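A.B. asks: Line by line, the protein sequences give chains A and B.
Every letter in the first sequence is one number past the one before it in numbering that gives the first Met the number 0, and letter 58, counting from 1, is 57.
Every letter in the second sequence is one number past the one before it in numbering that gives the first Met the number 0, and letter 75, counting from 1, is 74.
These are calculated hints, taken from the structure and not from any lab test.
Hints may contain errors.
As the list claims (entries may be wrong) - Computed far set for chain B versus chain A, every beta-carbon distance over 10 Å:
1) D132
2) P191
3) Q260
To be verified - No farther apart than 20 Å at their CA atoms in a straight line, the calculated lysine to aspartate or glutamate pairs in the DMTMM-like style are these:
4) K112/B to D37/A
5) K128/A to E233/B
6) K151/B to E198/B
7) K325/A to E154/B
8) K205/B to D225/B
9) K44/B to E198/B
10) K44/B to E178/B
11) K205/B to D150/B
12) K128/A to E198/B
13) K112/B to D150/B
14) K206/B to D150/B
15) K44/B to D190/B
Unchecked claim - From the derived model, a few chain B residues whose C-beta atoms are all more than 12 Å from chain A:
16) G43
17) R99
18) N108
19) D116
20) A143
21) T172
22) D183
23) M217
Since the model is a prediction, treat every value here as computed from it, not as a measurement.
We put the CB at the ideal spot given by N, CA and C, even for glycine.
In case you want the letters, here they are:
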Amino acid sequence: MTSSGSGHTLCKHALGCMSDLDSRYLLRSRPPAEKLVDNSFRNLAIAMASVVAIVLFSILVVVFQGGLDSMARYGWQFLVTSDWNPVDDQYGAGAAIYGTLITSLLALLIAVPLGVGTAIFITENIIPKGIRDVIGLMVELLAAIPSVVLGLWAIFVMEPFIRPGLELLYQLFNWFPLFSTPPMGPGTIPAVLILVVMILPIITAISRDCLNQVPPQLREAAYGVGTTRWGAIINVILPAAISGIIGGVMLALGRAMGETMAVTMIIGNSNNFSVSLLAPGNTIAAMLANQFGEADGSQVSSLMYAAFVLIVLTLCVNIFAQWIVKRLSLKY
Amino acid sequence: MTILQQPQATESHNEDVALSLQNVTISYGNFEAVKNVYCEIPRGKVTAFIGPSGCGKSTVLRSLNRMNDLIESCSLRGSILFGGVDLYGPRIDPVEVRRRIGMVFQQPNPFPKSIYDNIAFGARINGYAGDMDELVERSLRQAAVWDECKDKLNESGCSLSGGQQQRLCIARTIAIQPEVILMDEPCSALDPISTLKIEETMHELKKSFTIVIVTHNMQQAVRVSDMTAFYNAEAVEGGTGKVGYLVEFNDTDKIFNAPQQQATQDYVSGRFG
Ligand SMILES: Nc1ncnc2c1ncn2[C@@H]1O[C@H](COP(=O)(O)OP(=O)(O)O)[C@@H](O)[C@H]1O
Ligand SMILES: [Mg+2]
């Protein structure tokens, strides 16, 4: 009797609590203002995301439309011929495309070992931490130099400095097509070197972050089975970081292909095709920067066509980068 | 005959001792983590390190194969003799030390490579020239993980469960044919069944290797070890943190049933803190 009675009151008490809970939490009615903020935030995010897509898409469309005339007139020939003659209305971007590819690939070839090497150097405890931090900082500051300043530096300091070396190269190897013309100041090699300076910080910074993210346990595992430092770096640490590093390298490649100012200042802007790296050359970006000012009619259309080629190239590099990063990502 | 026995008599080390710690003090920067450790780890037996966390068990263990070299601030005084040779002597190559004294870590850490390569990698860099397939199978069998792995040797070592990964790591260590295997709380991240399997593995392993195991599980120490070292930590005057020291080192039996020190008695009977 008493027990059931107390049970009843307990039950009632609990129910009372429930209804309290009900009114307080279960039927929570959010104030309209909160809902409004929520919704508008969502819409804002959607709008911003679409702006990016719209801008990208419309740039593609505009550039493509602008180049349609030239595409119709020159077709694929445009990509492999290299006359650029506004007087005769003859256009071909072969030299610029070759220049774009060769400068960026050569720049990568130099910058990747240098950048990844630097990254390894500043993530491993080969030298005291203080010095490593300073080196890391300096590489990052390199990225802060505006490209026009680098261009000036290339013209007034770097190119005169490396000229004797280039001359020697010419004298020793002029039988080799890549070095078959005498150096004349501006040219492809100085442009490559300035690109190296520009993409080095990207490669170093991204590689360093990737190497730092390799779990310390993995490092210990490697040393634990008796690897040497280099064995651990090459067999375990680099493979674990490789997807990110390659992503960074691809980003750098995209940057190198699109880089305009410094390259325009030092490459020589010559539309005459030459395989020689010592001769003045051209890249698509440099050509666009140089000629848009006074171009009209079919020249504008041809430049648009070249611009479209550049966009497609960099887009391909980016897609390829994403694919590689996905493929190489290790699970650990 | 007397000549042959002469060197053993004069040298202070004897054949039954695998590792001998002589007044070892290990510091991180200015902080002395463990102080004045004397300890003789017997060959062909399982030695357990027990004690409250932070008393320097891992620190001492890692100093036994120079793993602490990876930590810049870490320094060691005293000497650790391995077969009579000071591991911290000037002409000793730490890489060589780690090949002869292998290590299994607290968190299973297989390489992000195939199961096969996890084993083969260490063996290869150690110059193993025999039949690799055979070595892989033998190591995995010894570590009691062959049955679970034999059909997926080409899959990533990271695709295994935690307990299997840890046994893979043990197999990887066995494959480099060390003389001593160090284990730092190898079961702390594992479920009871995996733990049991690893303990069974250890019973097998002690036939061929000297094992030193850190454990926070006293039952485990009782189950697997022949000798037990009890470490404790104490705040010292003017110190920045607690300094670890070796309280007592003896047969596991004695440590758990008839300890000499009050602190050991308190710890093993759970009256610690
Ligand atoms: N890498 C390190 N740097 C600085 N101090 C450390 C480091 N590792 C451990 N210590 C310190 O050394 C002491 C002993 O640590 P540890 O050997 O890990 O203890 P246990 O394994 O017995 O729990 C602790 O006070 C810890 O804070
Ligand atoms: Mg520990």
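A.B. asks: A separate judgement is required for each hint: does it hold in the structure or not?
C.D. replies: Each hint, compared with the structure:
1. D132: Consistent with the label, D132/B stays out of reach of chain A, its closest Cβ about 19 Å off (over 10 Å).
2. P191: Nearest chain A Cβ is 23 Å from P191/B, so the label holds.
3. Q260: holds (33 Å)
4. K112/B to D37/A: This hinted pair is violated, its Cα atoms lying about 46 Å apart.
5. K128/A to E233/B: violated (32 Å)
6. K151/B to E198/B: violated (24 Å)
7. K325/A to E154/B: Holds - the C-alpha atoms of E154/B and K325/A are around 18 Å apart, at most 20 Å.
8. K205/B to D225/B: holds (10 Å)
9. K44/B to E198/B: holds (14 Å)
10. K44/B to E178/B: Within the cut-off at roughly 11 Å; holds.
11. K205/B to D150/B: violated (28 Å)
12. K128/A to E198/B: violated (41 Å)
13. K112/B to D150/B: holds (16 Å)
14. K206/B to D150/B: violated (28 Å)
15. K44/B to D190/B: violated (25 Å)
16. G43: The claim holds: G43/B sits with its nearest Cβ about 22 Å from chain A, beyond 12 Å.
17. R99: Violated, because the least Cβ-Cβ distance between R99/B and chain A comes to about 8 Å, which does not exceed 12 Å.
18. N108: violated (4 Å)
19. D116: violated (10 Å)
20. A143: Holds, because the least Cβ-Cβ distance between A143/B and chain A comes to about 19 Å, which exceeds 12 Å.
21. T172: Violated, since 7 Å does not exceed 12 Å.
22. D183: violated (10 Å)
23. M217: Holds, since 26 Å exceeds 12 Å.
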